[in-house]
Amino acid sequence: MKRLILQFAAPGLAIGFALLVSALMLSITEYSAAEVFNVIVTEGFSKVYLIETVNRAAPYYISGVAVAVGFKMNLFNIGVEGQYKLAALFAAAAAGAVSLPAPIHVVFTLLVAMVVGAAWASIPAILKATRGVSEVISSIMLNAIALGVGSFLLGRWLRAPASVSPVVGTPSTDPSARLPTLNGLLNSIGLNIPDANRVQSYILVAAVVGVIYHILIWRTRFGYDLRATGSNPEAAGASGVNAKRMIVTAMLLSGGFAGLIGLSNIMGQAGRYTDVSVVSGLGFTGIAIALLGRNHPVGIAFAALLWAFMDAVQTPLSNAALPKQITAIMQGITVLSVVIAYEVVRRVGSRQEASGLRRDTTEGGEPPPIDGTSPKVVPA
Amino acid sequence: MKAPLALLARIPRWARFPLYLAGGMSVLALARVLTGAQQLTAENTMRSAIELSIPIAMAGLGGLWAERAGVVNIGLEGMMILGTWFGAFGGIAYGPWWGVALGVAGGAVGGLIHAIATVGFGVDHIISGVAINLLGVGATEFLTSVNWDGASAKESPAIPESLPRVDLIPFIKDPLRDLAGQGRFLLSDLADFFLAATTNISVLILLAGALFPLTYFVLWKTPLGLRLRSVGEDPDAADSLGVNVYAMKFLAVTVSGALAGLGGVSLVYLFAQKFQSGQTNGRGFIGLAAMIFGNWRPGGLVVGAGLFGFMDSMQSQIDETAHALLIVAALVFVITAVYTAVKRRWVPTGLLLATALGCWYWYASTDELPRELIPYFPHFTTLLVLVFASQRLRMPAADGKVWRRGGR
Numbered sequence: 018m019k020r021l022i023l024q025f026a027a028p029g030l031a032i033g034f035a036l037l038v039s040a041l042m043l044s045i046t047e048y049s050a051a052e053v054f055n056v057i058v059t060e061g062f063s064k065v066y067l068i069e070t071v072n073r074a075a076p077y078y079i080s081g082v083a084v085a086v087g088f089k090m091n092l093f094n095i096g097v098e099g100q101y102k103l104a105a106l107f108a109a110a111a112a113g114a115v116s117l118p119a120p121i122h123v124v125f126t127l128l129v130a131m132v133v134g135a136a137w138a139s140i141p142a143i144l145k146a147t148r149g150v151s152e153v154i155s156s157i158m159l160n161a162i163a164l165g166v167g168s169f170l171l172g173r174w175l176r177a178p179a180s181v182s183p184v185v186g187t188p189s190t191d192p193s194a195r196l197p198t199l200n201g202l203l204n205s206i207g208l209n210i211p212d213a214n215r216v217q218s219y220i221l222v223a224a225v226v227g228v229i230y231h232i233l234i235w236r237t238r239f240g241y242d243l244r245a246t247g248s249n250p251e252a253a254g255a256s257g258v259n260a261k262r263m264i265v266t267a268m269l270l271s272g273g274f275a276g277l278i279g280l281s282n283i284m285g286q287a288g289r290y291t292d293v294s295v296v297s298g299l300g301f302t303g304i305a306i307a308l309l310g311r312n313h314p315v316g317i318a319f320a321a322l323l324w325a326f327m328d329a330v331q332t333p334l335s336n337a338a339l340p341k342q343i344t345a346i347m348q349g350i351t352v353l354s355v356v357i358a359y360e361v362v363r364r365v366g367s368r369q370e371a372s373g374l375r376r377d378t379t380e381g382g383e384p385p386p387i388d389g390t391s392p393k394v395v396p397a
Numbered sequence: 011m012k013a014p015l016a017l018l019a020r021i022p023r024w025a026r027f028p029l030y031l032a033g034g035m036s037v038l039a040l041a042r043v044l045t046g047a048q049q050l051t052a053e054n055t056m057r058s059a060i061e062l063s064i065p066i067a068m069a070g071l072g073g074l075w076a077e078r079a080g081v082v083n084i085g086l087e088g089m090m091i092l093g094t095w096f097g098a099f100g101g102i103a104y105g106p107w108w109g110v111a112l113g114v115a116g117g118a119v120g121g122l123i124h125a126i127a128t129v130g131f132g133v134d135h136i137i138s139g140v141a142i143n144l145l146g147v148g149a150t151e152f153l154t155s156v157n158w159d160g161a162s163a164k165e166s167p168a169i170p171e172s173l174p175r176v177d178l179i180p181f182i183k184d185p186l187r188d189l190a191g192q193g194r195f196l197l198s199d200l201a202d203f204f205l206a207a208t209t210n211i212s213v214l215i216l217l218a219g220a221l222f223p224l225t226y227f228v229l230w231k232t233p234l235g236l237r238l239r240s241v242g243e244d245p246d247a248a249d250s251l252g253v254n255v256y257a258m259k260f261l262a263v264t265v266s267g268a269l270a271g272l273g274g275v276s277l278v279y280l281f282a283q284k285f286q287s288g289q290t291n292g293r294g295f296i297g298l299a300a301m302i303f304g305n306w307r308p309g310g311l312v313v314g315a316g317l318f319g320f321m322d323s324m325q326s327q328i329d330e331t332a333h334a335l336l337i338v339a340a341l342v343f344v345i346t347a348v349y350t351a352v353k354r355r356w357v358p359t360g361l362l363l364a365t366a367l368g369c370w371y372w373y374a375s376t377d378e379l380p381r382e383l384i385p386y387f388p389h390f391t392t393l394l395v396l397v398f399a400s401q402r403l404r405m406p407a408a409d410g411k412v413w414r415r416g417g418r
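Chains as they are written, first to last, in the numbering used here: chain A, 18 to 397; chain B, 11 to 418.
For the record, the hints were derived by calculation from the structure and aren't laboratory data. Be aware that one or more of the hints could be misleading.
[Unchecked claim] With a cut-off of at most 27 Å between alpha-carbon atoms, the simulated DSS-like pairs for lysine-lysine come out as follows: (1) B:K411 x B:K231; (2) A:K145 x B:K411; (3) B:K353 x A:K145; (4) A:K261 x A:K145; (5) A:K261 x B:K284; (6) B:K284 x B:K164.
[Stated by the list, open to error] One-sided excerpt, in silico: chain A residues whose CB lies under 10 Å from chain B: (7) F34; (8) L67; (9) V150; (10) V153; (11) S182; (12) K341; (13) Q342; (14) I346.
All values reported here derive from a predicted model rather than from experimental measurement. For each residue, glycine too, the CB sits at the ideal point set by N, CA and C.
Between the sequences and the hints, there should be enough to build the whole structure, so can you do that?
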């Protein structure tokens, strides 16, 4: 129970600290912190910006999950950034090139994205497994290379002819490759959402990703091996887990999830890949969100919503002539202080455990029964 | 046959750098003669290569300080961003030298935060670095919007005054120009390089250049440097000998931030003369790559940063020059193939020769190199170096490991 309280105290403290620092920064720069927080609370929780929050949270959530898969076995997939960009480009191009019946077209687009994301993630994975190259450095390089390859392919082969669209981008996909909005569904249960505010159904894809993540990591043999390798590689190796193969599989899985990050707009409003229809930076945000949510499917969801909320309130802040970038500072401080808080909590926890163990073995503690009633240990 | 590397090791250290320079320049000179792309080694190409390598070199030097003390600093990018903003702010408010000082201080603050998180609290180094990168972007955008022009401003106004530029050895300028104009193999190319390195050169470059011998001296020739490096190799042993491990790491990471800040300052004062959001464009990461390329040593880092700076400068070149890069690459592959052939490793030799042939074929069958791909040559080179030379690289033994006194 005590540990549970500590667990929840950490993110709470971190967010509180971030609010404190940003209030301080606002007052130094002669803005009213009260005014800023007032706008965030009153406007941020209005229907328009809550919808915005939910729409933005979907890619964040998927990105967080993609990073978390790696984290679960102490792998740093910093390359999510490049993986989702390339995946979105290829998926948009592939979806625009074929015409299929609606459900198949959607699944086809998602699959292409996952395959491309996994393929790009396989490069650092194979380099790490075969040559021992740090996945962090190689992914950083591959992120940059992905940008170059993307703009090269888009500019020369994948772009729609200039006569069709003056904006550089892939051809538009058929309506069958788009996901409908959730407005109709939500209106039918009496939520009354104005048509101008589209609630994108990509949030459902994110939810499915979350469920798959949970099942794969906590309910399968593969997930068990993955977590075992993460927490004690020697022990996992001794029990027969092939560490190199785990590295490659985990990175492929992470890359496959990463491939889905950039599709929300392509399968929603935009319908094609352009330089603006897929936002950049989602991969690095995913790292922050996975950290904030402690790699837990529900925790990541809260983190993604919080992050998206802080993004969404930038609009009302700038409408009120207040510095909207303050929320970016809040995000940065939150993630830095949350990792510090988790680390402190972890150390306090393990110290308590250690002292508890000492107490049990030296004083107090129930001595083990001497007669034959203690359970026999049967060797496996 | 003795291994070539052993022969190389017998050359005294001070002589190796000129040797690398001569080697690199001969490859370029050969490529120039073969392709007729005269701009490849022209004075202005060399000048922009030198200028572009400075921010990368400073970030790399920052990485070197931190990693020698065992702290991985992936937050260099964020610290550089802080350097660009505070550099521009100081330049506008108080004058260019104040800009340099404030930029360095801004970077140092970023380094200090990284030190507090990783050394003080024992947070994973990569995680803290990523957080600092996020924070650097957020903080500078906020400061930009409250300082200069409203909420959407992405850049500062121009800095009124620039840092001075000097001619180092004025009297050899004319003879060198003369030689450079004659188009002689290697001699003219070297003349171009020396002209770019000694005339009309910003004092910021001189300052940055001086930091390399200084770093070498401090880290490898003083007791402080020995302690600092021992912390990166084996903190427990260092601790048992009475070295204050925490203090050494704090010092190293803060200096690392200050150097990255100077890298940011050099971006502001050598190029844009103002702060722009996104100005660093991943150069902090490239600096880290240059440091790894240089095997965690200052001399190697200079070579790496020079290589990356040169590639960076190719972006603004005409097609003909960028196209000639393929021949440069082919030559490099051939030289590496000769090296592997001497070591009787025939499979890599074959692969390298095939790649060289591929580069030549690409050169012969096209008129230009895809412009979109040129900016990413350094990244690709780094990846290749990591793949093929990672066995030769040796990082500090305790690099990236969180250390707590008494193992707690």
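Against the structure, the hints come out as follows:
1. B:K411 x B:K231: At roughly 25 Å apart (the allowed maximum being 27 Å), K231 of chain B and K411 of chain B satisfy the hint.
2. A:K145 x B:K411: holds, 18 Å
3. B:K353 x A:K145: holds, 26 Å
4. A:K261 x A:K145: Holds, because 8 Å separates the two Cα atoms, which is no more than 27 Å.
5. A:K261 x B:K284: violated, 48 Å
6. B:K284 x B:K164: holds, 11 Å
7. F34: violated, 13 Å
8. L67: At about 23 Å, which exceeds the 10 Å cut-off, the nearest Cβ of chain B leaves the hint on L67 of chain A violated.
9. V150: holds, 5 Å
10. V153: V153 of chain A check passes; min Cβ-Cβ to chain B is 6 Å, inside 10 Å.
11. S182: Not OK, violated: S182 of chain A not within 10 Å of chain B, min 19 Å.
12. K341: Holds, because the Cβ-Cβ distance from K341 of chain A to chain B comes to roughly 6 Å (cut-off 10 Å).
13. Q342: holds, 4 Å
14. I346: holds, 5 Å
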